[in-house]
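The sequence shown: position 492 = 492 (the numbering used here), numbered continuously.
Hints were generated in silico from the structure; no laboratory data involved. Keep in mind that this is a model prediction, so the values were computed, not measured. Check before you lean on any hint, since a few could be wrong.
[Unchecked claim] For lysine-lysine, the following DSSO-like pairs were computed, each having C-alpha atoms within a straight-line distance of at most 30 angstroms:
1) Lys349 with Lys388
2) Lys510 with Lys88
3) Lys222 with Lys154
4) Lys238 with Lys421
5) Lys285 with Lys255
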Amino acid sequence: MMKKTSQKNPETAKRQKLEKGFRSPSRAVSAEKKCQDLFDLTSDLIQIFKPEGALLDVNLAWKRVLEYGDGDLANLSVFNVIHFKDRKESEEVFNAVFRDGKTRKLLVTFLTQSGEEVAVEGMIGALFCEDDKPCALRGIFQDVTRYQKYEELKDEFVSTVSHELRTPLTVVREGIAQMRDGLVGELTQEQDSFLDMVLRNAERLARIIEELLDVSRLEAGKVRLHRSLCNIVDVAKKVVDNFQIVAQQKKVELKTESEKERIDIPIDRDKIIQVLTNFVGNSLKFTPQGHVKIQIRDLGDFVECRVADTGRGISQEDLPRVFEKFRQFERAAGPGNKGAGLGLAISKKLIELHHGRVTIESFPLKGTTVTFLLPRYAHRDLFRESIKQAMNRCLEEGGTLSVIVFDIINYNVMREQLGDKQAVKIVVKMEELLNEALRRVMDVAIKDTRSILVLLPDTKKENACIALDRLYRMLKEYLMKEEPMSTIEIGSSVACFPEEADTIEKMLDKICESYGAP
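Using the sequences and the accompanying hints, generate a full structural model.
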């Protein structure tokens with residue numbers, strides 16, 4: 001009887017050969033030594049720990065940077081070295097990694113034994129047991145404190161220089177304007193032409209300084225959105241109207257296209273005007289002929305805005321870096337007019353501040369299209385976002401926050417009686433009246449479809465109740481005058497942070513419970 005000869009798969013044979021070699025004592029010792037060398041000699045901070053925080057092992061760099069010795073580790077938890085402000089986020093990341101085994105990024109602040117702060121950035125991964133289930137976690141971090149300080153110094157320098165340039169530049173511009181107006185004597189045609197050139201460059205420098213300050217404030221997190229429900233089609237038309245003279249001079253068609261006349265979305269109107277102004281102005285610079293269009297589409301959960309032109313385009317090499325600061329690109333067929341290279345970077349940050357996203361497509365000699373999406377918010381989501389921002393400011397400054405909500409309880413009945421157009425007009429007017437009646441700059445009223453949220457920072461409950469009574473009477477007087485025959489019912493409620501509610505959801509529940517708002 002002949003024996004069968006089994007033929008092994010080449011890849012299987014190769015793997016078995018490697019495994020056999022690795023199982024030999026000399027190779028195992030060598031591999032273990034290499035691993036230990038990598039663990040101890042790397043400058044990265046490595047920690048192996050349980051999800052609840054107990055440390056199992058750390059490397060030399062970890063001990064050196066955080067000032068701990070071997071004897072300190074036995075009773076030390078990961079949470080002893082993580083700054084308290086980052087603890088909640090860290091716990092969530094640790095639990096998520098341990099649950100599904102997927103590696104996640106984490107940016108936190110560590111505390112040394114002497115109390116110094118160390119900013120670190122790294123990855124959290126799972127270590128698996130023999131049954132392929134996570135049994136521990138591994139964190140590999142890089143110390144980014146120095147880079148953060150460099151960025152802070154750079155931003156501080158830019159901000160300081162910009163502020164220092166602002167005052168003398170204002171004096172220069174005012175002096176030139178007075179000379180051109182003839183307040184210091186008649187000018188010759190040549191002198192007037194020369195001063196006109198100086199003034200144009202002074203105005204350009206002023207715009208660059210404002211852009212530098214905008215970037216500085218955005219990166220420092222000092223820019224706050226003041227959302228209200230706006231018709232973004234009207235916003236786009238306003239921007240187009242502002243550029244019509246420039247477009248006509250260049251003989252470029254400039255228009256707005258939208259399937260609907262009205263698309264309401266909660267945005268900071270001034271910030272979105274700034275974004276569209278940057279995009280349209282940039283398109284007009286580099287479009288010698290053809291058209292520039294703002295196209296708006298309602299996508300349900302998002303609103304899409306596109307600024308499309310038939311201009312010179314951007315090279316494919318430059319396209320990935322187009323939203324970077326201080327980037328100036330020559331369009332494919334010529335240099336065009338140059339600025340400071342900040343407009344697109346500012347626009348991107350403002351869109352992201354709205355929780356939106358932006359993309360760009362361009363083809364040399366064919367044109368460029370910038371597309372950005374802005375999210376829609378439900379009633380509760382819009383108010384959540386506004387309350388969150390106000391609460392964060394209170395936490396930073398140690399203050400209080402009172403929130404008043406006015407709600408048209410029978411809004412659907414009002415719409416049936418008066419029509420959609422009149423119903424929208426009434427809510428818009430109510431928001432305007434409330435903002436006019438608020439007595440401090442920091443107070444603000446924000447409307448949604450049927451409700452208006454009034455934020456009163458640094459206001460205690462008793463004072464908020466007094467304000468509620470005054471504002472309620474004012475709204476009732478307006479409604480009686482505007483629609484005396486209708487029966488519009490207004491519900492109202494007030495809540496105070498942190499006295500009555502210490503989370504966003506509790507605040508929302510508190511202010512909605514009296515009239516059952518959605």
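So which hints don't hold here, by number, going up?
Checked against the structure, no hint fails, so every one of them is satisfied.
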